[in-house]
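Throw the hints in and build the complete structure from the sequences for me.
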Amino acid sequence: MDLAEANSYSWSNPVLTVKEGVETSIFDDGNEQTTYLITMSNRHWRVSETIYRILCCMDGTRTVEDIQQFLHTHFELQIDGHKLEQIIEMAFVRNGILEGTSATTAPPHNKMMWGQFTLLRPVFIEKFKFFSFIFHKRQLIVWGSIALIWLTYIFSVYSNTHVISSMFSLSIKDIVFCYLFVFLAGMTHEFGHSIAAMSYGVYPGRIGVGVYFVMPVLFSDVTKIWRIKRLQRVIVDLGGMYLQCIFLMVSFVLNALFIHSDLLNIAILLSGFTILGNFNPFIKFDGYWVLVDFLGITEVKTVMYQLWMNQFRRLLHKPTVPVVLSKGKKAVLYIYSIFTACFFVYFIRFLAGTFILAFQNVKTDIAALLKMAPAEFHPDFTDIVNYLSDRITTFIALFFFLHLVWRYAVRNLLFKYKKRRTSVQEEVRCAAD
Amino acid sequence: MITSINSAIDNKELDLFMKELEERDEMLCFFNACGTAANPCGGQACAAGCIGISVCFLGLHVA
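Chain order of the listed sequences is G and R.
All residue numbers for the first sequence refer to our numbering, where the first residue is 1 and numbers rise by one.
All residue numbers for the second sequence refer to our numbering, where the first residue is 1 and numbers rise by one.
To be clear, the hints were calculated from the coordinates, so they are not data collected in a lab.
Treat each hint with caution, since some may be false.
Stated by the list, open to error - Distance condition first, Cα-Cα at most 30 Å in a straight line; then the derived DSBU-like pairs of lysine-lysine: (1) G:K327 <-> G:K301; (2) G:K330 <-> R:K19; (3) G:K329 <-> R:K19; (4) G:K19 <-> R:K19; (5) G:K330 <-> G:K318; (6) R:K19 <-> G:K418; (7) G:K301 <-> G:K318; (8) G:K301 <-> G:K111; (9) R:K19 <-> G:K173; (10) G:K111 <-> G:K318; (11) R:K19 <-> G:K224; (12) G:K127 <-> G:K224; (13) R:K19 <-> G:K301; (14) G:K229 <-> G:K329; (15) G:K19 <-> G:K111; (16) R:K19 <-> G:K229; (17) R:K19 <-> G:K419; (18) G:K327 <-> R:K19; (19) R:K19 <-> G:K416; (20) G:K330 <-> G:K224; (21) R:K19 <-> G:K83; (22) R:K19 <-> G:K111; (23) G:K224 <-> G:K111; (24) G:K224 <-> G:K137.
Structure, rendered in structure tokens:
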């Protein structure tokens, strides 16, 4: 059955039923006006009370007319039949929430995240649920305080330049050891998010690797935490740093007492120094999600845009679009938007620099290769490792550039071409008929 | 609310009533490889290196 048939099927069925597994709850956004959450598998919709009421009516016993009548008698909602059909079509048919329909929409995902690869599946991650105890209130306070003291200690005793200079003295073998340790600490970080989610009864998502812009990242899919309370979501956001800190702290103490390895110490500090960078709230690292959950604003960009547009509208004496937020939250968003703008000036400059350097590197490498006589070209293993580590940023930047070209140029052109071709074919078919 | 529903419905207006929440991949930049080669100060895409609270260690030996 194709999508068009599937969706028309529901309209031929007089009684409307919501699919099995669709759940509803109150969404905790910290605002006075209640909003609701509709959940279906890994998809979540924040909806108004009216949409929620309509969904609740679709229990397999009512037709559109019955729902219209029910809304009128029980909630004093007057919606004409045609409009109600339109709302049901747009809200529930297109999203595949209604029985007999298939979704024609896709969930919004992070467009700058690419090259994702699953490392651990949810079934495996769930086996670590027994670690949930470290997210109990008392444990959180005790371990969280100790971790903070330890972080303060390493930041006061060591500096990032000290760690950088230590890195310069390492051999390739030692650097590989550092990579492995930092990778292990990163995995602990991601487990922190998943275990925190499980401690609140949320089934975890996958853990994997990918590239965000040009940054290689580890990620933990915790989309399902939309259904828990705001404060709990903040704890899941911080859970990664919390568990990573505990892991590093325990390693640091063990090393200081028993192992006495300088190399391990450098690896611990390297990972420790990456923790605070994760608080950056301007790109989608942990700091961003803490901000989103703390404020309870799910569409930060849209709301920031609306706030500034309202300022311009006021200047032009035009009617403003209501933004239902407290004064405090608005103030935070105004400040955040200014810092975001400054950060993106830096970021775009950084990306441009990375791209330019990547192209220059490729040009230099090709020129050097062409100049070199074949007899002179005998790279050994160390040469290859050194070359690859020299050029890893170049390769990532080039792949990201190609990804952007594919996504925003080639794919769009192909889509437009296909659309145009289909419409021409339809016109020809209509003319023939 | 009721008035709004009874006016013309389009996608933009529906956003007022129904908004799909984005996927949440909680990320950690684990190699901080982003800026070192391009930025000799050890700067990173996240800018943390430049204010002294982080390190960029992949490729530091080539900076």
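Structure-based check of each hint:
{"no.": "1", "hint": "G:K327 <-> G:K301", "verdict": "holds (18 Å)"}
{"no.": "2", "hint": "G:K330 <-> R:K19", "verdict": "holds (20 Å)"}
{"no.": "3", "hint": "G:K329 <-> R:K19", "verdict": "holds (20 Å)"}
{"no.": "4", "hint": "G:K19 <-> R:K19", "verdict": "holds (19 Å)"}
{"no.": "5", "hint": "G:K330 <-> G:K318", "verdict": "holds (20 Å)"}
{"no.": "6", "hint": "R:K19 <-> G:K418", "verdict": "holds (29 Å)"}
{"no.": "7", "hint": "G:K301 <-> G:K318", "verdict": "holds (22 Å)"}
{"no.": "8", "hint": "G:K301 <-> G:K111", "verdict": "holds (14 Å)"}
{"no.": "9", "hint": "R:K19 <-> G:K173", "verdict": "violated (50 Å)"}
{"no.": "10", "hint": "G:K111 <-> G:K318", "verdict": "violated (34 Å)"}
{"no.": "11", "hint": "R:K19 <-> G:K224", "verdict": "holds (16 Å)"}
{"no.": "12", "hint": "G:K127 <-> G:K224", "verdict": "holds (18 Å)"}
{"no.": "13", "hint": "R:K19 <-> G:K301", "verdict": "holds (14 Å)"}
{"no.": "14", "hint": "G:K229 <-> G:K329", "verdict": "holds (18 Å)"}
{"no.": "15", "hint": "G:K19 <-> G:K111", "verdict": "holds (29 Å)"}
{"no.": "16", "hint": "R:K19 <-> G:K229", "verdict": "holds (18 Å)"}
{"no.": "17", "hint": "R:K19 <-> G:K419", "verdict": "holds (27 Å)"}
{"no.": "18", "hint": "G:K327 <-> R:K19", "verdict": "holds (23 Å)"}
{"no.": "19", "hint": "R:K19 <-> G:K416", "verdict": "holds (27 Å)"}
{"no.": "20", "hint": "G:K330 <-> G:K224", "verdict": "holds (27 Å)"}
{"no.": "21", "hint": "R:K19 <-> G:K83", "verdict": "holds (19 Å)"}
{"no.": "22", "hint": "R:K19 <-> G:K111", "verdict": "holds (18 Å)"}
{"no.": "23", "hint": "G:K224 <-> G:K111", "verdict": "holds (19 Å)"}
{"no.": "24", "hint": "G:K224 <-> G:K137", "verdict": "holds (21 Å)"}
Going down the numbered hints, you'll see the structure goes against 9 and 10, while the others check out.
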